[in-house]
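The listed protein sequences correspond, in order, to chains F and Y.
The opening position of the first sequence corresponds to residue 1 in my numbering, with each subsequent residue numbered one higher.
The opening position of the second sequence corresponds to residue 1 in my numbering, with each subsequent residue numbered one higher.
Keep in mind the hints are simulated off the structure, nothing from the lab.
Being a predicted model, the structure only gives us computed values, none of them experimental.
Be aware that one or more of the hints could be misleading.
What the hints assert, rightly or not - A few chain Y residues facing chain F, derived, Cβ under 10 angstroms: (1) Gly59; (2) Arg67; (3) Gly156.
Claimed, not checked - Computed from the model, here is a short list of chain Y residues facing chain F with C-beta under 10 angstroms: (4) Arg55; (5) Gly79; (6) Ser84; (7) Leu97; (8) Thr101; (9) Leu133; (10) Val137.
Virtual Cβ for every residue (Gly too), placed ideally from N, Cα, C.
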Amino acid sequence: MSRWSVPLGLYQPGTTPVHRLGAGPKLVVLAVLGVALVAWPRWQVAVGGLAFVVAAALLARLRWRDSARGLVPILVLLAVVAAFQTWQRGWEVAVQVSASLFALVLAGTVLTATTPGDRLVDLLVGGVRPLARLGLKPEVFALAVALMLRTIPALLEVFGEARDAARARGLDRQPRAVLVPTAVRTVARAHAVGDALAARGLGE
Amino acid sequence: MIEFEGAGVVVSAADPEAPGRTVARTILEPFSAVLTEQRVAVIGANGSGKSTLARLVNGLRLATTGRVRTLGLDVARQGAAVRSRVGFVFTDPDAQLVMPTAGEDVGLSLRRSVPDAGERATRTREVLDRFGLAGHVDTPVHALSGGQKQLLALAGVLATEPEVLVCDEPTTLLDLRWRRVVDELLDSLDAQVLLVTHDLAAAERAERVLVVDGGHIIFDGDPLAGVAMYAERMAAP
């Protein structure tokens, strides 16, 4: 397995109450959480929301070894954000912003880890079906979301391979040696995935 | 049945002698052939036009001259209908596998033909079982070995029971063991198979071989004679 584990996109089968809860209710909880965190920008609400999501993650018995490694880069980013916010606007804002963001990322992790992708796609197809009158194809929309979930680990793999290639050539201190091939291979991969989707008759 | 009627591909490419200008570049010279055999192999050097030829069959690449008909359908005009009956397997399974887990990826292929989620889950398990991937329903795609990924890509394509299967170097990235597994699987199919390959042993097992060189079909006929001609050409300085 790739050493680049990621928080989003990987289903972890199980029989916990969170797994048994339908995809619809879980998506509603995620939406309500997101709205609440934005509508009431207070540190107490953010910490409460984070505590709720952590409890859900514990209840879902996520494989923390996999998820934690994927969450590390986000935690590092949030630490930088929190330090900046503390300096600029005080610790309350720093806690509110970083706890809100982490709660939403973790909630997304819990949703995708406890819900088969197929169920999410079914739910999304049903959810956007009314928009078919406006010309939106529900299956295409759902496929786009599914692709996004698959693309996260795939892009991290591309980045990891480009970084290893740069290291092998002694260029590990040159960001351009990693970023340029990552960008080029990402575009090439997008073309290949587009061909593969067309070949499978998906999105037509 | 696959019919090529004067089918060729010309693209515009950057002119190396005049920066900023483009020139017409022939990828595949116009050729005609009617492929009715169950097993047809296409061999040739890298960059010779093999993959372009394969992509003409289901409209991933459209002929710029002539016409291609697959299963009696005009590929240029009825591309979606053709692709619903023609499977395509790529060299790199990573590009072909769209969903996060093996079961979900096969399920995605079945969405059109099996709308009911419960029945689809059952069919998905049956398909994975048939391809020796029964224990990998919930395995993340990126956690599978290269051989398992290619088998899964094949499973996703064959789940829809295509009448024609086009394989673009499906075993190039595989070790000997997985190459044998995929070869045996392809040999066992009822569908017509167009196999683009560098594996000359696999080409010899076909009923007909096309040899492509520099965009030209330089041989079309008996596999043993075609492979011998190609090997001789590759050995020449």
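Hint check:
no., hint, result
1, Gly59, "8 angstroms, holds"
2, Arg67, "20 angstroms, violated"
3, Gly156, "7 angstroms, holds"
4, Arg55, "8 angstroms, holds"
5, Gly79, "8 angstroms, holds"
6, Ser84, "5 angstroms, holds"
7, Leu97, "8 angstroms, holds"
8, Thr101, "5 angstroms, holds"
9, Leu133, "15 angstroms, violated"
10, Val137, "8 angstroms, holds"
This entry does not satisfy hints 2 and 9, going by the numbered hints stated previously.
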